[in-house]
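There are 2 protein chains.
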Amino acid sequence: MNLQSIDARTGQPHGESWPESTPAEIDAAAAAAAQAADAFAATSAADRAALLRDLAAALEAQRETLVPLADRESGLGPVRLNGELDRTAFQLRGFADVLERGEAHAFVDDAAVAGAPPAGRPRLTRVRVPVGPVAMFSASNFPFAFSVLGGDTASALAAGCPVVVKGHPAHPELSRRTAALAQEAVAARGLPAGVFQFVQGGSVAVGVHLTQAPAIAAVAFTGSFKGGTALAKVAAERPRPIPFYGELGSVNPLVALPAALEQNGPALAETLAGSICLGSGQFCTSPGVIVVMKDAAGDAFVRTLAEKLQALSPHAMLSAGIRGTFDKGVAAWRGHGKLRVLVDGAGDTAPGAAPRPFLAEVQAADFVADHALHEEVFGSAALVVRVASTAEAIDVLRAVGGSLTVTLWGVPAGDAAPGADILDLVRAAARVSGRVLFSGVPTGVAVTAAQQHGGPFPASTAPFTTSVGYAALDRFLRPVALQDAPAWLLARQGVPV
Amino acid sequence: MNLQSIDARTGQPHGESWPESTPAEIDAAAAAAAQAADAFAATSAADRAALLRDLAAALEAQRETLVPLADRESGLGPVRLNGELDRTAFQLRGFADVLERGEAHAFVDDAAVAGAPPAGRPRLTRVRVPVGPVAMFSASNFPFAFSVLGGDTASALAAGCPVVVKGHPAHPELSRRTAALAQEAVAARGLPAGVFQFVQGGSVAVGVHLTQAPAIAAVAFTGSFKGGTALAKVAAERPRPIPFYGELGSVNPLVALPAALEQNGPALAETLAGSICLGSGQFCTSPGVIVVMKDAAGDAFVRTLAEKLQALSPHAMLSAGIRGTFDKGVAAWRGHGKLRVLVDGAGDTAPGAAPRPFLAEVQAADFVADHALHEEVFGSAALVVRVASTAEAIDVLRAVGGSLTVTLWGVPAGDAAPGADILDLVRAAARVSGRVLFSGVPTGVAVTAAQQHGGPFPASTAPFTTSVGYAALDRFLRPVALQDAPAWLLARQGVPV
Numbered sequence: 001m002n003l004q005s006i007d008a009r010t011g012q013p014h015g016e017s018w019p020e021s022t023p024a025e026i027d028a029a030a031a032a033a034a035q036a037a038d039a040f041a042a043t044s045a046a047d048r049a050a051l052l053r054d055l056a057a058a059l060e061a062q063r064e065t066l067v068p069l070a071d072r073e074s075g076l077g078p079v080r081l082n083g084e085l086d087r088t089a090f091q092l093r094g095f096a097d098v099l100e101r102g103e104a105h106a107f108v109d110d111a112a113v114a115g116a117p118p119a120g121r122p123r124l125t126r127v128r129v130p131v132g133p134v135a136m137f138s139a140s141n142f143p144f145a146f147s148v149l150g151g152d153t154a155s156a157l158a159a160g161c162p163v164v165v166k167g168h169p170a171h172p173e174l175s176r177r178t179a180a181l182a183q184e185a186v187a188a189r190g191l192p193a194g195v196f197q198f199v200q201g202g203s204v205a206v207g208v209h210l211t212q213a214p215a216i217a218a219v220a221f222t223g224s225f226k227g228g229t230a231l232a233k234v235a236a237e238r239p240r241p242i243p244f245y246g247e248l249g250s251v252n253p254l255v256a257l258p259a260a261l262e263q264n265g266p267a268l269a270e271t272l273a274g275s276i277c278l279g280s281g282q283f284c285t286s287p288g289v290i291v292v293m294k295d296a297a298g299d300a301f302v303r304t305l306a307e308k309l310q311a312l313s314p315h316a317m318l319s320a321g322i323r324g325t326f327d328k329g330v331a332a333w334r335g336h337g338k339l340r341v342l343v344d345g346a347g348d349t350a351p352g353a354a355p356r357p358f359l360a361e362v363q364a365a366d367f368v369a370d371h372a373l374h375e376e377v378f379g380s381a382a383l384v385v386r387v388a389s390t391a392e393a394i395d396v397l398r399a400v401g402g403s404l405t406v407t408l409w410g411v412p413a414g415d416a417a418p419g420a421d422i423l424d425l426v427r428a429a430a431r432v433s434g435r436v437l438f439s440g441v442p443t444g445v446a447v448t449a450a451q452q453h454g455g456p457f458p459a460s461t462a463p464f465t466t467s468v469g470y471a472a473l474d475r476f477l478r479p480v481a482l483q484d485a486p487a488w489l490l491a492r493q494g495v496p497v
Numbered sequence: 001m002n003l004q005s006i007d008a009r010t011g012q013p014h015g016e017s018w019p020e021s022t023p024a025e026i027d028a029a030a031a032a033a034a035q036a037a038d039a040f041a042a043t044s045a046a047d048r049a050a051l052l053r054d055l056a057a058a059l060e061a062q063r064e065t066l067v068p069l070a071d072r073e074s075g076l077g078p079v080r081l082n083g084e085l086d087r088t089a090f091q092l093r094g095f096a097d098v099l100e101r102g103e104a105h106a107f108v109d110d111a112a113v114a115g116a117p118p119a120g121r122p123r124l125t126r127v128r129v130p131v132g133p134v135a136m137f138s139a140s141n142f143p144f145a146f147s148v149l150g151g152d153t154a155s156a157l158a159a160g161c162p163v164v165v166k167g168h169p170a171h172p173e174l175s176r177r178t179a180a181l182a183q184e185a186v187a188a189r190g191l192p193a194g195v196f197q198f199v200q201g202g203s204v205a206v207g208v209h210l211t212q213a214p215a216i217a218a219v220a221f222t223g224s225f226k227g228g229t230a231l232a233k234v235a236a237e238r239p240r241p242i243p244f245y246g247e248l249g250s251v252n253p254l255v256a257l258p259a260a261l262e263q264n265g266p267a268l269a270e271t272l273a274g275s276i277c278l279g280s281g282q283f284c285t286s287p288g289v290i291v292v293m294k295d296a297a298g299d300a301f302v303r304t305l306a307e308k309l310q311a312l313s314p315h316a317m318l319s320a321g322i323r324g325t326f327d328k329g330v331a332a333w334r335g336h337g338k339l340r341v342l343v344d345g346a347g348d349t350a351p352g353a354a355p356r357p358f359l360a361e362v363q364a365a366d367f368v369a370d371h372a373l374h375e376e377v378f379g380s381a382a383l384v385v386r387v388a389s390t391a392e393a394i395d396v397l398r399a400v401g402g403s404l405t406v407t408l409w410g411v412p413a414g415d416a417a418p419g420a421d422i423l424d425l426v427r428a429a430a431r432v433s434g435r436v437l438f439s440g441v442p443t444g445v446a447v448t449a450a451q452q453h454g455g456p457f458p459a460s461t462a463p464f465t466t467s468v469g470y471a472a473l474d475r476f477l478r479p480v481a482l483q484d485a486p487a488w489l490l491a492r493q494g495v496p497v
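Note that the protein sequences, when read in sequence, are chains A and B. The first sequence begins at 1 in my numbering and counts up one residue at a time. The second sequence begins at 1 in my numbering and counts up one residue at a time.
Bound conformation, chain A alone (with noise of 0.2 Å):
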């Protein structure tokens, strides 16, 4: 299959077509990952810091040309592609900064204690060691932050880790141009060339040949459910199984309970329209499944939501196969005999013309007895539960079950506590999800060290860890106990093997 730029506001292709990697290309990318493995896991934390620092610096030099073309491939917006680009920058810079302050390479150093077990024992101390070659499937929805130098890469280059980034094809020239620029950094580092690979690919195989391919240690990956599942089995079935670190779809609940819309609910229904609509709905954050109770706060909620969303344009989609998919979803919904369409997304279906955003509304009953209700439809569509209870609204989050975020509007600040059922309610949430917003709308993921962007499946294929903030690092650096070590080796900077 060929790689192509295609113009996403017209749908027309831009420029040459060229190949996709071939096995033996893809074989050599893993190969020279291999055999720089060594020799960057051996590099200081400071050295790997100044390479992450050079990264972020050449985005930023680049970024005339950069923006241009991610928003022609993308047709996300010039505003929203530099702010993505100077967070991808700041991410860079942040896991250098968690490097030079050593956090990542802190022992866990028990003495030697005398006598016979269980009380006796020997020295142990716990260290870390880069997992390896690390294969790297960029996003579609964020070409610079989900993509060739976004957080996985950032955080696996931090560990140690040689990446083999699988560009996305939609957005096909912009990778190389990336990856071209991260390999330049690499050489001018005077690092071996393994340490950043690049693939392209639309076709299935290509990604199935690099999650086989033997030199692989770990696979990072976000995407659709059915690639990421796909790619999970063959990571699992592989002679020696490797951690498969993906995160696929969400729909991300909001409960907005009576105390919120009585108090603020046309501002909160003109937010979480926005919210809904942000990137024509393409973050996988996006608001989908809004629980609103039966009462009159409520209907007035849902009518206000329905005429804020009514009046906003999405912007074209990132490809017409994502479009495709799109409309398939919410024609699923508007034939629903469940479901009644609030606001109706058929919109113009020309190639690279902008959808229309998409809202119904269901019972709790019927939402909870239909799983395909309960899937993802990527882009601006959400529906609405209506439920008589929060015991109702805790139902809808289980049935849910595995979700990147949940947003709870109206649970009480300060210091006194809810009674029973909001508790049970923050539980609930805390159980299906890896974040509970407590205000604000869940696009918009902050990179920090607190940050957990997974959550139970199919939000993550491995919900204890993060792909955001400086946790994410913690999925490439694996836990080795040293028994009374030499003191030579402790004694090392950074990684000490």
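Errors might be hidden in some of the hints.
Any copy, or any two copies together, can satisfy a pair, since identical chains are not distinguished.
What the hints assert, rightly or not - Below, computed lysine to aspartate or glutamate pairings styled on DMTMM-like, alpha-carbon distance capped at 25 Å:
id	residue 1	residue 2
1	233	375
2	294	38
3	226	237
4	294	270
5	328	54
6	226	103
7	328	395
8	226	54
9	233	424
10	233	97
11	338	47
These are calculated hints, taken from the structure and not from any lab test.
Once you have looked at the hints, place chain B on chain A.
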């Protein structure tokens, strides 16, 4: 399939047999655990610490009953079993200590930063929540420490997760007595019975049914490669896959460098022979691959090792099934064209009769080339692999690929960094294992914060986690970021929700 207590030394049944748990009983156990999950998660760290201390005390109080029972069913002997009971009680109290120090529930708290992203952000607080009911598969080889009240149960309860323990059919009577003791302790604390549920079975169906139970949120398993990989697949193929923490086979390579042998060869040979035969070789950390240079010191060491091993008499194995697998593994080695047998383990094969140790020698290239030789033979059997250089020793480690431990004898101690070949060897050891020992033998795994009992596949299905030591808790506490959390929520003790 019925459960039947068998005397390990005679192979004779003892007492009546009883039926294994039915699917309905397993479902009921999982449902009871799910029912108890929220209430147990809401207990304070102090309450859970008190439960763990009660369990330790109950084990000790019933020592006079439990140890003879364990001895009859396992043949491991009262000295070892009393020590193992001590270890199990120590471990339960160790997790209680961790809870009381508050370490398990420490927050990562990032203050809000004013301004636009990427630097501006909301307040984010990273907490950890119990994953939910844990299915725990007991091992045969440690009737206390890796069984009903072993490390997996202790760490799951410490985390606030109910457990559904599957007892091992090789010690069914001990298992149900221990379970009864645990159930009494749970009831005495006024906790719901669902906090500790117990099922038994000898058939594959019981394990599969438990792993598929919708209420189960994670699985902890210690056992065979075959059983572990099969159940891991079941866990991954659930409609909602769950974490499977499996500790499977391991050959635990030991590299004896000339420096160690020249100084101390005979004593090391005796120590190693003892480690190979310890518990009749039925340790997950039993050394199964001994890497020795092709030089005079190496020849002398191998000769002494063979003599010492020849003089040892392992005790009866845990069960007829384990003995049968051992005999089959040894027979395959005996008939392998590339192996030179040094100590032949052919022994009495009558029910309950003790096996003989087995040792054979193979050249590095032949070992590396034959994948079958990298597989564990569970019991008192080891392969000596002769290498011409440190580089060949590294090839051997890489061929093994994944192991709980690697032991390196003869790496220089002190402050002076050794040559590049030694550093490469240490690095290779750290890349393929969870614990690298620089002295002593791998049998014996201290319970401490720095311990790492796990390693690349097949040693573990989750090599970033440990099943021994206090970091075992991390398997059952899933991170959740709270965004703009109310004050009352963050003020809650222990698990916030």
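Tell me the hint numbers this structure goes against, listed in increasing order. Hints 2, 5, 6, 7, 8, 9, 10 and 11 contradicted; others consistent.
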